[in-house]
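Listed in order, the protein sequences are those of chains U and H.
Heads up: the first sequence at position 117 corresponds to 117 in this note's numbering, and the numbers run straight through without jumps.
Heads up: the second sequence at position 135 corresponds to 135 in this note's numbering, and the numbers run straight through without jumps.
Hints are computed from structural coordinates only; laboratory data are not their basis.
Partial selection, computed: residues in chain U whose CB lies under 10 Å from chain H:
{"hint": "1", "residue": "Phe100"}
{"hint": "2", "residue": "Gly103"}
{"hint": "3", "residue": "Pro105"}
{"hint": "4", "residue": "Ile119"}
{"hint": "5", "residue": "Pro171"}
{"hint": "6", "residue": "Asp177"}
Computed from a prediction, not measured in an experiment: that's the story for all the values here.
Every residue gets a Cβ at the ideal spot worked out from N, C-alpha and C, and that includes glycine.
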Amino acid sequence: MINEIRHNCKSDDDCGGLCCTKIENFGVNIGNIKILENVNVHIHCGELTAIIGPNGAGKTTLLKAILGELNHTGELKYVDAKGIHNGDPLIGYVPQHLDFDLGSPTSVFDIFMACRTNIPSWIFKPRSIRTRVEVSLAKVKAEHLINRKLGTLSGGELQRVLLALALDPIPDLLLLDEPVAGIDHNGLELFYSTVSELRKNYDLSIILVSHDLDLVARYADRVVLINKTVVCSGSAQEVFSDERTAKIFGMSWYKLGREIKLPSDNYEGDVKC
Amino acid sequence: MLDWWYIIVDVLLPFHWMSHIFMKNALLAILLVTPLFGMLGTMVVSNRMAFFSDALGHGAFTGIALGALLGRIQPIWAATVFSVFFAVIITIIKNKSKSSTDTIIGVFSSTAIAAGLVILSYGGSFNKYSSYLIGDLLSITPSEILMLLGAFAGVTLLWMISFNKILLVSLNQSLAASKGINTLLVEIVFTSVIAIIVTITIQWVGLLIINSLLVLPAAAARNVTQNVRQYHCVSILAAIVSGIIGLALSYYWNTATGATIVLVAAFFFFITLALRTRFTA
Chain U
1 MINEIRHNCK SDDDCGGLCC TKIENFGVNI GNIKILENVN VHIHCGELTA
51 IIGPNGAGKT TLLKAILGEL NHTGELKYVD AKGIHNGDPL IGYVPQHLDF
101 DLGSPTSVFD IFMACRTNIP SWIFKPRSIR TRVEVSLAKV KAEHLINRKL
151 GTLSGGELQR VLLALALDPI PDLLLLDEPV AGIDHNGLEL FYSTVSELRK
201 NYDLSIILVS HDLDLVARYA DRVVLINKTV VCSGSAQEVF SDERTAKIFG
251 MSWYKLGREI KLPSDNYEGD VKC
Chain H
1 MLDWWYIIVD VLLPFHWMSH IFMKNALLAI LLVTPLFGML GTMVVSNRMA
51 FFSDALGHGA FTGIALGALL GRIQPIWAAT VFSVFFAVII TIIKNKSKSS
101 TDTIIGVFSS TAIAAGLVIL SYGGSFNKYS SYLIGDLLSI TPSEILMLLG
151 AFAGVTLLWM ISFNKILLVS LNQSLAASKG INTLLVEIVF TSVIAIIVTI
201 TIQWVGLLII NSLLVLPAAA ARNVTQNVRQ YHCVSILAAI VSGIIGLALS
251 YYWNTATGAT IVLVAAFFFF ITLALRTRFT A
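All chains should be built: construct the whole structure from the sequences, respecting the hints.
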């Protein structure tokens with residue numbers, strides 16, 4: 001409940017740029033190999049920050065480090081506008097649907113029960129919890145899926161169910177691991193428009209680990225290019241028009257960044273790319 | 001101690017195969033053990049741990065060998081301690097090294113079984129222990145049944161408390177971690193429970209087939225169920241029914257009870273496999 005109240009901001013001031021999540025000096029070693037070092041990212045509330053990078057750049061590692069699954073150096077800090085809640089952010093995580101065991105006889109309701117309660121759903125299925133789950137699913141337009149087995153959902157449907165799961169309770173930081181494949185175009189559109197809507201309504205900080213630069217260009221407020229460390233960060237245009245991006249992803253993205261002449265191209269402030 | 005049970009059986013099952021005391025004991029043991037196997041099996045199968053639980057059985061065998069070596073009358077406690085230790089070690093190693101876990105499990109599993117065989121065959125006295133390989137359910141005593149009752153209560157309670165966490169870890173580790181679950185701890189608790197159950201039942205069920213009893217009922221249930229409740233019901237029911245039918249058949253056929261039960265369970269599996277398409281539509 002506390003989380004929901006905190007995110008119901010009365011004025012812009014409450015939800016201003018002061019609230020943010022800071023990734024400070026993250027480093028991850030696996031064995032003797034440095035996978036990530038010196039990663040610094042600030043994510044402002046209400047912004048969608050996309051993490052891009054070539055294969056093996058450490059995107060998934062960064063995600064797992066943020067989740068606490070991998071040991072890391074450095075700190076993850078959450079600071080809210082009024083200093084009511086500082087410290088560890090509450091994290092919501094949407095995994096790739098392909099990482100799921102889809103043969104498992106588990107219904108959408110079962111997975112909600114498993115995440116939200118300690119009541120074993122093979123014995124009890126309380127009505128009150130069912131109602132709450134229906135409300136959660138309605139947020140992502142998926143209330144009709146409550147009794148379906150996970151394996152029978154389409155990629156897009158499962159992704160929305162997982163989003164509803166990550167938003168319950170409303171997190172400080174939402175991590176999206178974008179699907180590489182298996183979701184049709186309409187499913188992706190619906191997913192990202194839902195995410196965009198929720199971002200505004202709940203003032204969410206979102207980190208999207210992305211493999212699809214097209215979507216990044218359309219939905220991300222900020223883009224961070226990583227390759228072992230942060231190579232550059234800024235708006236989509238800034239990052240895509242950077243030479244280092246061209247080296248990593250090829251010329252077509254470089255050109256796109258150059259062609260779209262935006263005011264930000266003349267911006268002379270703190271542009272890192 | 002079990003007179004009440006013998007009376008109930010005489011009234012409810014007035015058949016020839018149920019007229020002996022050892023059959024009545026075996027039936028009670030089956031009614032306590034098979035639901036546990038059906039229950040634990042659901043998550044063994046969901047976690048793709050069929051091979052892993054086989055290794056746990058081998059660890060239990062080594063544990064029993066070590067228990068026998070230490071020379072106490074009841075080697076069961078030494079065996080339980082060792083097999084839990086073994087389970088914890090391979091769970092941790094499996095988690096630390098993401099690549100080719102099956103090789104690692106295979107190495108531990110074969111080392112364990114070889115060590116067990118070497119210890120038990122030392123001095124040429126292996127025949128005494130060969131029952132651990134095939135199992136002898138009909139030799140179970142009332143006090144051992146009481147121990148099973150304790151295990152039954154303990155595991156059922158634990159399953160009610162920690163099932164949600166185990167389910168979430170089996171579905172997606174990262175998702176479980178994001179919900180604040182210590183995934184390694186959950187896995188260790190789960191594998192330790194399996195190790196304990198396997199260790200205390202191995203002398204009646206037998207090392208060679210104990211894993212089948214853990215895997216088959218759940219694998220059968222998985223074919224035809226849509227949610228967690230159905231999964232549990234069908235798995236537990238398949239395990240119990242296989243147990244009872246297998247016991248009766250082994251009496252008339254004069255065969256090893258554990259193996260006969262497994263054959264019945266396998267029969268159920270193939271039936272559900274054939275029915276699979278009807279339930280997934």
